[in-house]
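Protein chains in written order, with numbering that gives the first Met the number 0: chain A, 0 to 162; chain B, 0 to 427.
Keep in mind that the hints were calculated from the coordinates and are not lab data.
One should not assume that every hint holds.
Computed list of lysine-lysine pairs in DSS-like fashion (alpha-carbon distance at most 25 Å, straight line) [unchecked claim]:
#1 102/A to 44/B
#2 120/B to 102/A
#3 113/A to 96/A
#4 96/A to 120/B
#5 311/B to 102/A
#6 113/A to 142/B
#7 85/A to 102/A
#8 63/A to 102/A
#9 63/A to 113/A
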Amino acid sequence: MTAHCKFVFAVLGLACLSLALCGTVAAQGHDVDVAVVVHPDTPVSDLSLADVRKVLLGDRQYWKSNLPVVLLMRAPVARERNVVLKIIYQMSEAQFKQYWIAKIFRAESASAPKVVYSNDMANDLVTAVPGAIAFIDAREVRPGAKVLRVDGHLPGEPGYPLR
Amino acid sequence: MCFRLSSVLVFLLAAGVALAQSTASSPPAEPSVQELLDRIERLEKRVSELEEHERTQAGAAVGGSGRQAAVPAQAGQMGAPSSSSHEHMAPSVEVQEAETHYPSLQVRGFGDVDFSATDLKGTNSGFNMGQFVLHFASALSGKVSYFGEVSFTAEPTTYELAVERSIIRYDYNDDFKLSFGKYHTPLGYWNAAYHHGAWLQTSISRPEMIKFGGSLIPVHFVGAEAEGNIPSGGLGLGYSLGLGNGRGELFSKAGDSGDVNSNRAWVASVFARPARLYGLQVGGSFYGDKLSTTPGTNFSEWIAAADVVYIKEHPEILAEYANVHHHELGTSQDFNTTSYYVQLAYRLPWQQNKWKPYYRFEYIHRPGMEPIWDFSSTPSVVDLVGSTVGIRYDITNYAAFKGEYRNTRHGVNEPNVNGAFFQTAFTF
Numbered sequence: 000m001t002a003h004c005k006f007v008f009a010v011l012g013l014a015c016l017s018l019a020l021c022g023t024v025a026a027q028g029h030d031v032d033v034a035v036v037v038h039p040d041t042p043v044s045d046l047s048l049a050d051v052r053k054v055l056l057g058d059r060q061y062w063k064s065n066l067p068v069v070l071l072m073r074a075p076v077a078r079e080r081n082v083v084l085k086i087i088y089q090m091s092e093a094q095f096k097q098y099w100i101a102k103i104f105r106a107e108s109a110s111a112p113k114v115v116y117s118n119d120m121a122n123d124l125v126t127a128v129p130g131a132i133a134f135i136d137a138r139e140v141r142p143g144a145k146v147l148r149v150d151g152h153l154p155g156e157p158g159y160p161l162r
Numbered sequence: 000m001c002f003r004l005s006s007v008l009v010f011l012l013a014a015g016v017a018l019a020q021s022t023a024s025s026p027p028a029e030p031s032v033q034e035l036l037d038r039i040e041r042l043e044k045r046v047s048e049l050e051e052h053e054r055t056q057a058g059a060a061v062g063g064s065g066r067q068a069a070v071p072a073q074a075g076q077m078g079a080p081s082s083s084s085h086e087h088m089a090p091s092v093e094v095q096e097a098e099t100h101y102p103s104l105q106v107r108g109f110g111d112v113d114f115s116a117t118d119l120k121g122t123n124s125g126f127n128m129g130q131f132v133l134h135f136a137s138a139l140s141g142k143v144s145y146f147g148e149v150s151f152t153a154e155p156t157t158y159e160l161a162v163e164r165s166i167i168r169y170d171y172n173d174d175f176k177l178s179f180g181k182y183h184t185p186l187g188y189w190n191a192a193y194h195h196g197a198w199l200q201t202s203i204s205r206p207e208m209i210k211f212g213g214s215l216i217p218v219h220f221v222g223a224e225a226e227g228n229i230p231s232g233g234l235g236l237g238y239s240l241g242l243g244n245g246r247g248e249l250f251s252k253a254g255d256s257g258d259v260n261s262n263r264a265w266v267a268s269v270f271a272r273p274a275r276l277y278g279l280q281v282g283g284s285f286y287g288d289k290l291s292t293t294p295g296t297n298f299s300e301w302i303a304a305a306d307v308v309y310i311k312e313h314p315e316i317l318a319e320y321a322n323v324h325h326h327e328l329g330t331s332q333d334f335n336t337t338s339y340y341v342q343l344a345y346r347l348p349w350q351q352n353k354w355k356p357y358y359r360f361e362y363i364h365r366p367g368m369e370p371i372w373d374f375s376s377t378p379s380v381v382d383l384v385g386s387t388v389g390i391r392y393d394i395t396n397y398a399a400f401k402g403e404y405r406n407t408r409h410g411v412n413e414p415n416v417n418g419a420f421f422q423t424a425f426t427f
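Please build the complete structure, drawing on both the sequences and the hints.
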């Protein structure tokens, strides 16, 4: 086998390996919808993505005058948080932190989103805290939870934007 | 031999492509290792919860609960609340932690250390301490909040303490929030968006038209303010209306201890944040006041400002314009001072988005004779043409280095001044 043949062999072998790995990674990174879940007494059932963004940016702070919005966000590196940051906030983790520091100390909001550490905790709190809104892996939403339609779609439906 | 080996490998490559495509396009049947680990973690947590629940029940008096097992989630049930949600009532500790307790207090500090060197004759290069700033935010109830801001500024012999903002606000709803206190005047964008604390803003310094201690725009406002959203669908309109003391005896300061005359200043602003153009804000604001320089000499002041900003950092665009109109009531003379700035920045995508270069052009033009600006021995507002080019590097999420080069000309027929400025700004 000449040096040229060895080189061709190595390149093609690496290419095969890379493609196989790409396929595996693509298969593992499939999209799962993130459901927007609110406390059962919240007087909304359908929001546009722009409205969800308004709520998450703290520009809409009340569902109605006696029911403030309580934002629940998964802790950093959770997939639900990444989806919310990418699709709704369109910010990096650092930008998100800076945004809320500035928001609070501009006197535009009294508190930042509350951090939840698991989908279980998010399910627990969104059921118990009036006005709460949480973003939960659609597979882990508990029965009876109030899941909002976003742009007219529920999780799992075509066109659902949070995935 | 080589040709045959290559042919086999090309076949393998083609097979790899086909395999990769079929794997990627087929429904994901196998969960990833991370997903399995997550699932194990959840199951472990659930087991510990159930064990805890059993322990609690064993300790309690025996009684039929009549509870039913949770029904597995069905897509059709997602929108409908049911009684089974009571199965999952949150542990009281978690709920207590999530609830806001009143009064709650958040304190955040800001600081910066600066170095400057210019070719302006008579100035020294060197380090200086920037402002040390403390911000306070406290929810007093679900509807009432307090916000405060104090600054310590280095002076030759001491530190000057100043209350920069002190606001108590009542929220009726998103459309109406009423507050009282001392504000940064909601005139234009920058003054209400970037407060004391250099870390908050991209550049080292504020534009001269709204610099702290400057006179062109009344930076502070003492009085009452109503603000909120205007129901407008995707247009995203908001408003702010204020009534207050206006400028103090020193035009650069607000009348914290009382108004200098019996005329109130007012400010009104409206802005739009269109839902379809996330990140864009367009606003306009007006400010009116009556100024009394000396007994019997009165001026009306009317400031019109407009701003366009795009704040998503890819790019970041800030542009403001303000015209300050003074009308001498005795002689009916009019004076217009024009100012604007445009700042462009872009958060570079490399190295975890830490680098952000920026450029700002700013301009101020005042009439040759302007009694308000020339009221004190040295003019409080002068002509300006200036360019600033710099870069910000975010060392962490809470600290940044900034470096700037400025070329500015203050006054008419004055030489341009070049300067290099460095700053480390942080929040804690």
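Residue 120/B and residue 102/A: Cα distance at most 25 Å?
Answer violated: residue 120/B to residue 102/A is near 41 Å, above 25 Å.
Is the Cα-Cα distance between residue 113/A and residue 96/A 25 Å or less?
holds (12 Å)
Are residue 85/A and residue 102/A close enough, with their CA atoms no more than 25 Å apart?
holds (19 Å)
Can you confirm whether the C-alpha distance between residue 63/A and residue 102/A stays at or below 25 Å?
Holds. Residue 63/A to residue 102/A sits at ~21 Å (cutoff 25 Å).
What's the verdict on residue 113/A and residue 142/B, does the C-alpha distance respect the 25 Å limit or exceed it?
holds (18 Å)
Straight-line Cα separation of residue 102/A and residue 44/B no greater than 25 Å?
violated (35 Å)
Under the criterion that the straight-line Cα-Cα distance not exceed 25 Å, is the pair residue 96/A, residue 120/B satisfied?
violated (42 Å)
Do the alpha carbons of residue 311/B and residue 102/A lie within 25 Å of each other, as the hint requires?
holds (15 Å)
Does residue 63/A pair with residue 113/A here, judged by a C-alpha cut-off of 25 Å?
holds (20 Å)
Violated hints, listed in ascending order, are 1, 2, 4; each of the other numbered hints is respected by the structure.
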